[in-house]
Structures are given as C-alpha cells and as structure tokens.
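**Q** Residue numbers (the working numbering), protein chains in the order written: chain A, 1 to 146; chain B, 147 to 292; chain C, 293 to 438; chain D, 439 to 584; chain E, 585 to 730; chain F, 731 to 876.
What the hints contain is simulated information worked out from the structure, not anything from laboratory work.
This one's a predicted model, so the numbers in the text were calculated from it and none came from an experiment.
Below, computed lysine-lysine pairings styled on BS3-like, alpha-carbon distance capped at 25 Å:
no.	chain 1	residue 1	chain 2	residue 2
1	B	K159	D	K451
2	C	K366	D	K512
3	D	K512	C	K305
4	C	K305	E	K597
5	C	K305	C	K366
Number of protein chains: 6
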Amino acid sequence: MISTPAQVHVTRKARFSAAHRYHNPAWSAEKNREVFGPCNNPFGHGHNYEVEVTVVGSVDPATGMVINLREIDKILQEEVISRMDHRHLNEELPEWRHRVPTTENLAIAIWERIAPRLLGGYSRLFRVRICESPDLYAEYFGEETP
Amino acid sequence: MISTPAQVHVTRKARFSAAHRYHNPAWSAEKNREVFGPCNNPFGHGHNYEVEVTVVGSVDPATGMVINLREIDKILQEEVISRMDHRHLNEELPEWRHRVPTTENLAIAIWERIAPRLLGGYSRLFRVRICESPDLYAEYFGEETP
Amino acid sequence: MISTPAQVHVTRKARFSAAHRYHNPAWSAEKNREVFGPCNNPFGHGHNYEVEVTVVGSVDPATGMVINLREIDKILQEEVISRMDHRHLNEELPEWRHRVPTTENLAIAIWERIAPRLLGGYSRLFRVRICESPDLYAEYFGEETP
Amino acid sequence: MISTPAQVHVTRKARFSAAHRYHNPAWSAEKNREVFGPCNNPFGHGHNYEVEVTVVGSVDPATGMVINLREIDKILQEEVISRMDHRHLNEELPEWRHRVPTTENLAIAIWERIAPRLLGGYSRLFRVRICESPDLYAEYFGEETP
Amino acid sequence: MISTPAQVHVTRKARFSAAHRYHNPAWSAEKNREVFGPCNNPFGHGHNYEVEVTVVGSVDPATGMVINLREIDKILQEEVISRMDHRHLNEELPEWRHRVPTTENLAIAIWERIAPRLLGGYSRLFRVRICESPDLYAEYFGEETP
Amino acid sequence: MISTPAQVHVTRKARFSAAHRYHNPAWSAEKNREVFGPCNNPFGHGHNYEVEVTVVGSVDPATGMVINLREIDKILQEEVISRMDHRHLNEELPEWRHRVPTTENLAIAIWERIAPRLLGGYSRLFRVRICESPDLYAEYFGEETP
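Just need the whole structure built from these sequences, with the hints factored in.
**A** See the structure below:
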C-alpha cells in the first residue's frame, strides 16, 4: 500500500537528576532575584529531568527499525547521562559557566551534542524534548523549527 | 554553532476541575441522547482537566528563556483556572450557553482567550492541548493548523 | 517454603467521571462557603475518579488466583461504574441527598456496596481507595482500620 | 474571531497486551542475536502497548466534535484491540509472519488498517503513535510525514 | 525527639517485560478457556511488569540509609530482571512449568527469591508488589500478612 | 450500617524541587565515594520530590471530612514547601548540617515537623511518604511502625 519507504518517528526517553541555578553575572543581585525568583537561590536546587530524543527515518525492511535502540541508548548515555546525571550543571559543566541552564537552553545544548552523532546515517534527529517537571517542558527541532 | 536565534517551544501545564454537559437545544431529547449518550445526562458530570499551553519563540540570551514562566502562569490563572476551576461550564460561563463544551471546543475557547495576550511579544502561542481524561485530548494550533 | 496457604492482596483499578457539590443544608450560605470554599459552588464541579478495590485471600493452587478478575470487574461495574459514571452525585443518587460527597464518604459508600458481595467467598474486601485527583485520595479499611 | 472552520486534532488512546519476537528468518541465529539482542529470545516476550490515534478535521457546530468518539472507539476495537490484545503477534497474526513486529512497523500496520476506515468523512487520520514502554514510542503520519 | 531507632520503609521499583500464559494442564481445554478467557490463548501474551520491593529497618546514623540501594538493585537484577526480562515465563523458567504465572503467584515467587538474600542484615523484606498493568497489582507480605 | 464512627485515611500530595548531597564528614573522601557513589559529588545534584501526608481519623458527619484539606495544605506549605522548595538542603537548612539528606531521613524529618501540628485534633498523622524519583520512595509511620 506504501510505495515510497515509510518515514517513522521513533522516540526514546532517558532520565537524569541534576542541580542548577539561574543567574546572569552581568546583572545586579536585585535584577537576578527579580527575573529568576527562587531559581536564583545561591546554592541551586534540582530536578529529575526526562529527556526525549526523536529520530526520523525510513524503516529498514530487514530489521523493521529506523535506528537500533542500542545506538540511541549509547549516544544518550555518552552525551547526556554520563555528563549530567548527579551533577550541579553550573558548577561542574563548562558549557553552563556563561549560559543560564534553563529548560530551553538544555534542549538546545542536548541537540547540539546529539545531532552530529546521527549525521551520515539513514535517520536524523528530529526533536529534543526535555521535561524539568511534570508541568514544564521545552522542545527544540534544530534550525527547521515547525 | 547556531547563527540564527534558536526557536524553542516551551509547554506549561495547568489543571482544573469542572462539570459540563453535552446538549444541543436545537435537537429533540432523543437526538441529544442518541448523539451524546451519557454525556447528555441532565445534571452534567465532570473531569480533572489538564491544559497544556505551548509558546514558541527565540531564546533571550540574557535570560535563557523564550518567555518568563510567571507570565504564562499569570495568563493561565486569569484566563483559565480562575474562570473554569470548580465550575459547571454550561451553567456558570456565558460562552457555553450556546456552544457544546466538548474537548475540541474547549481547546479553541482557551486559544481565543490566551493568544491575544501573547501578541506583540517575542513569542507567540503555538498550541493549546486539553486532556479530558488520560485517554482523550484535543489540540488546537490556531488558523495555521499543521 | 510456605506451609500455610499464602495470603495475597490483589488490587483492581477502575475509573469514572462525575460531578458533585459540597453543601450542608443545615448550615447558612456563609458557613457553607467558609467551610467548603469553591467546592460549595452551586452547580457543582467534577472529577475523573479512580477507585482501587483491594481483596485479600489465599491463592487457589488450581487457578493461581485469589479471586477471578472478572468477578471483581462485574461487581465494580454494577456497584460503582454503572451508578456513578457520568452522573451528578448530589442530584442523581439518593445516598448523597443527605451526605456530603467528599472523598472520605465516597470511600465508605463504595465499601458498603462492595463488601457484602464478597462475603462467603474465600477472599474478603481489604481496602477501598478512591483518588479524586492526582493529589488527593482517601482509603477505607472497614471497621478493622489499621 | 475565527472565520474559516477551526481545524482541531483529537487523540484517543487505547491499550492492549501482546507478545512478540524480533527475528529475521533470512539471517543466521548469530546475526539475529547480534542485531536484536534479547528481543530475539525464541519464545518471545511481551508488552502493555498504548496506541494513540489522532484525527484532524473541522469541528461540527451542531455537536462540537471533529468525530464522534464512539466511531473511533469502534474502529480501534475492531482493527486493533480485538485482533492484537492477548495475542502473540508473530504466531497468531498473518501480517507478522514476514515482517518484524517492531514499534515502527506496528505504527505503520495500525495506520494501514485505520486510515481507510476514516476516508470520505469530514476528518482524516493524522497520526498513529504506539508506545511499547514508558521509554519508547513510534509515530507514523502516513506519506505526508512532517 | 526519637529515642528508639526510627524504622523506615524503603521501596525500590524495577521493570521487566515478559510473556506468559494461564493454563492448568489438569483441566480440559474448555475449562481452561472458561476460567482464564483470553489469558489462556495458546501462544501467550505479554506485559510490562513493574515490581516494587519494600524493605523495612532502622536508619543507620552514619549513612542515613536503611539499606544501600545498590544492594537492592543488585538483588533485583540477579533474582528478577536477569531471569524474567524478555522471557516467556511458562516456556523458559522451570518454576512456571507447574504453576500458573498469575500476578498473585509472581508476587510470591519474587518474595521467595528475594527474602532469603536479606536475612541476617539490619533490614528485612516487608512487601513485594507487582503491577501487571496500570489497573492490576498484587502484593505479598510473607507469612505475616496484615 | 456502621455503628462506630468510620476511620478513614486521607492522603494529600505536594511537590518540591531541591538539591542535596550525601556526605558524612566523619569519613574519608574515599569512604564517602565508596558508600555514596555519585550521590557524593561535591556540588550536589537534585530531584523533584513528591511528599504524601496521610492523616487518619473519624469522618465528621457535618462536613464529610476527616480534616479540612486547607488545614493540611497550610501545614505542608509552612513546614515543607516554603522551607525546602528551590533550596540546596545541605547548604541552606540547619537540620541537614549533621544529617545525611537521604530519602529515609527526609521522611522522618518531615514527620517531626508535621506530627506536632496535628496533635489535639480529631485526626492524627499516620504516614509520611516521600518519593525522590519514580523508582524510589521512603515511608515513615512514627514510632508505631506496622
């Protein structure tokens, strides 16, 4: 019924726990407090993050897969979990020294680490979604935002 | 790595509990019962609704944010929660006098109240999703439906 | 390793959606409003209720079961779902004319309807839990409260 | 405020439990084991699947609905639940004799069964999403993949 | 404020996916079908199981722990996950040759494997809960059932 | 049907986000690392905590309630949320200077703050449950542990 190869989106979820703090060093203490509220508390607070990586591509007839899950799991482990889990993002990861670790920026930062590792294959990164809590998530689709 | 400002989608979830009834006054009792089934029961029934508001825009480098969550929370509180929570939609809100409060219509009605409040800013409303139960939700993307 | 027949607790979950209102007719409008807050709104509001019924008994070696799930499902359907789903509890069910339909009272009322139907069998009702929202539930264990 | 009829996406979720096995008969036992890992175990394993069907269309002003849920429920029951629930997909359904029952292929197969049943109405199938576990899901949008 | 050492219950959750079939070889095909319904389908079906292990004991003042989670994780991995995950219980595990793999029996069987490994320590196994689906779980408390 | 006043358990859930670190200053760095693993990372990490408070008591016939939820909400806000939310427990709360902020100790500490506020009323604190992640929770029942 389908003549061209079917394109399917596959989404894999992983989890990590980290501390972070919202702070812009170019601003006064008052301004930081006013804009970021309790997220500016000096020692940071933390979350159980859920990150969802969506890959799109043709289904390989031999495997029935767009991508082998072990490949995504390996990339997620190396680029996200092993770097961020049980860490204080601002204090321990260089990329957050000069960038506020908001949910939005985390989505972009995770995209930037994962997307290059999927280049050249039959599938490509479609979306990174990161949930900071059950009530807040951010999604980044790369430069081709819908 | 990203030359044009990154567009990120941010989604905020809120909850309210309300009663409603499906009824079209232009129809006979039989037709109402036939089309709407138990949703037509005269005194109404109710749900724990979850509403998700998705905003899209560029990330402000100073804050790392597309929009300050307090702004979305204030809009959700004023336009959705304070009006709908602990209410019988048909009996207490004028907009449901002549419109069936289905999940579909709720998605549109919430869009219509929220979208104007986000005009003129750097971000815009992308989607309203409303879940009536774990097994049913409706999504409205405005006139630019994908 | 187990000489006496093993006692196992089996829990079955069901869902229904209903409207209700908290109101004590013996009180003034002010007192009702003061005690019950928005739960006293005149036309009621509603919830997606989850009810969990826990039965305890010996495992029958022939079936591996404490009770056949179809039996619990039939009781839940007849005593809870068919009576309460898509109903306004105060307006449509006689037992709520003179009893406030709080989560506590719902737990007791469901126990009273289900417990007698399990008498005489090899298992007995152990607990009724009812969740009004993800953040509130009540549990009733009959007269042998732990 | 909306001149053209509003397009709304409605999503309905259903559940089924099934066993499956990943195996390509054209390959050696070693290659199957290497590619599919424990998913290749000879007797199969199983999952609680969640399938979400999203339909898009204009809201009928008389009903407030894009499609009557009973219609979707009937299609889901006939095409998915009654065929797949409590089955071993590879052993009992002919379409999986020569196709690996991955999450990707399940999404396509469910689309192929449901999409024709929605032709000619006012709404059309937009997406089939199937979740094999809380950490993995696949989505198929037909030939018009976004 | 607490003079005797505080007793705390700690619960750890793990997940596995398995296939199973309900069948009593002492019965006729008709009787099996009548009692077990679709759970008797010959090739089996499957579930994503969640198993919760609850341990109770005094909190060690030096660690703040009742038991080191790595110890529970190791026991769960060896006794449950590595044996049951991605398996067809009836076909691949000897203990299910002559015992119906119901949720009740799974709770007992997991207790029997885990409880001896916790003997002699400062904490003891209090409960095994196993969820076959979001709507069904069984709990076993050993011979001291509450 | 019930002659003695029915005892019902009511459970209220609240959420907070905090950072913490597991560290025993009486131990060497090696021993801390060995026992606590990545939980000993120097700057801490964090979680979205869910705390459930269960109160037991007789249902007041006038209100249908064991306790007015606003009362529990006020206690939870004052004793838990306002103190712990968006905080680094070790760095900002005196009680964690000399106590490891494990899930076990958090359950006890929250009990100690909440139980006295419920003394003298018609209901009493029955259990504090705190979930650090979807896969780990601790429960404290006071000195009358079941």
